[in-house]
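J.: Chain residues, written in single-letter form:
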Amino acid sequence: MAPKAVAPAIVDGDPQTYENENVHAIYDKIASHFSSTRYKPWPIISVFMSSIPTGWIGLDAGTGNGKYLPLPLDRPSDILTIGLDRSINLLRLARHAGESRATREVVWGDVLGHCWRPGVFDYAISIATIHHLATHERRIEAVKRLLESVDPQHGRILIYVWAIEQDELSKRQIPTGDDDSDRRGKDVVVPWVLSQPAEPARRGGSEAPTEQRVFNRYYHMFAKGELSGLVHGAAADLGMHVGEPSALASKQLHPIRGVEIVQDGWERSNYYVELRCWQTSE
Amino acid sequence: MVRLITHNLLACHVKGCTSNNFPLQFRDVQIELREAEFNPDFLRGFMPKLEWKALVDASRQLGDTSLPPEVPEMLDDDFLKNLHHVLLEIHVEEGVMTCPNCRHEYPILNGIPNMLLAEHEIG
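Sequences listed follow chains A and B, in order. Under full-length UniProt numbering, the first residue of the first sequence is numbered 1, with each subsequent residue one higher. Under full-length UniProt numbering, the first residue of the second sequence is numbered 1, with each subsequent residue one higher.
For the record, the hints were derived by calculation from the structure and aren't laboratory data. Hints may be right or wrong, so weigh each one.
[Claimed, not checked] Pair by pair, the computed Cβ-Cβ distance ranges are:
{"no.": "1", "chain 1": "B", "residue 1": "Asp78", "chain 2": "A", "residue 2": "Glu99", "range": "58 to 68 angstroms"}
{"no.": "2", "chain 1": "B", "residue 1": "Leu33", "chain 2": "A", "residue 2": "Ser228", "range": "20 to 30 angstroms"}
{"no.": "3", "chain 1": "B", "residue 1": "Asp78", "chain 2": "A", "residue 2": "Arg184", "range": "54 to 64 angstroms"}
{"no.": "4", "chain 1": "B", "residue 1": "Gly123", "chain 2": "A", "residue 2": "Gln212", "range": "19 to 29 angstroms"}
{"no.": "5", "chain 1": "A", "residue 1": "His96", "chain 2": "B", "residue 2": "Gln30", "range": "13 to 23 angstroms"}
{"no.": "6", "chain 1": "A", "residue 1": "Glu244", "chain 2": "B", "residue 2": "Asn20", "range": "34 to 44 angstroms"}
{"no.": "7", "chain 1": "B", "residue 1": "His104", "chain 2": "A", "residue 2": "Gly243", "range": "20 to 30 angstroms"}
{"no.": "8", "chain 1": "B", "residue 1": "Glu89", "chain 2": "A", "residue 2": "Arg184", "range": "44 to 54 angstroms"}
{"no.": "9", "chain 1": "B", "residue 1": "Gln61", "chain 2": "A", "residue 2": "Pro118", "range": "32 to 42 angstroms"}
{"no.": "10", "chain 1": "B", "residue 1": "Gln25", "chain 2": "A", "residue 2": "Arg268", "range": "21 to 31 angstroms"}
{"no.": "11", "chain 1": "A", "residue 1": "Pro15", "chain 2": "B", "residue 2": "Asp28", "range": "29 to 39 angstroms"}
For each residue, glycine too, the CB sits at the ideal point set by N, CA and C.
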């Protein structure tokens, strides 16, 4: 397959409207085809899910077709992950994600919403989602929602986003520019080519029974360090420290909330961070 | 999908609606029962997260009266099996969840609750 061209994008107007048109509406149209290409969990995410203790409940913010909801495969009923997504057509697939076809818990909502009791989840994952938010501020808000959704004392979080730095196996060709995208990331649109049966009226004879439509999805490609920068920004807004709990004196008049960045890495064209929340006792 | 385990986590998030916004009240529900794997260790681990009264009230709204009004001291198998059924085997397929505070209505269609808000309702 020829490399797919990735074109620069300019986000203008209201970011919510922009996302509605350039992200949400597209996923609803390509849901079924998209889902058929997204079935294999990435290894670091599987390892994270396998490390979750029995009895914990979690949020998958931007669950897509729900491919992480059945994890861990060797003890699936030990934990429960609830999937949240903006695309109703992806959720309909997520509802029956996994080989067992068991019914999954899914909720139609926005990752910037907060439709949960605060801190009620033990863990949260957000995989390939935050890069669809169209401004830096909205991406910080999304990380804040994750920090607010998990238990202040032990909540664990894993976030994956698309990186400017692509691996050599990637099909993408990324436009290069002389701007400061190395530091601030890059706004692009990525084409999704959807083959579908042509409408009968338009079929001319026996050939070309399918027609192709191209949908350009908006992405913010992250620069190195940008994802952990969002964590710092979100933590600052919430009055949380970033770092290890031991770095602070334990004798505090008021409990202090913090978040430790346990992992900050790059894997196969994506940046990821793993976070662990902590709180000192009074 | 709205099982009672999810219902016990959901709260209204309309702008300014920050107190008495839990639990959402069921109305006009259609339910289906589906067996799920019984895992007592999961239930024991999850119990500290539960808002017990909200769960008991919601289960009664759905016609199940197997749970006691207070959490029992002994978490024996009979109790855990009832809890398992209430949390994980009753599926609300259709209906409405209403906020007890601002009366906002969250519809459930084909088993999926719609927690999206209109732009002017977002806090």
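J.: Can you give the numbers of the hints that this structure goes against, from lowest to highest?
T.: 1, 2, 4, 7, 9, 10
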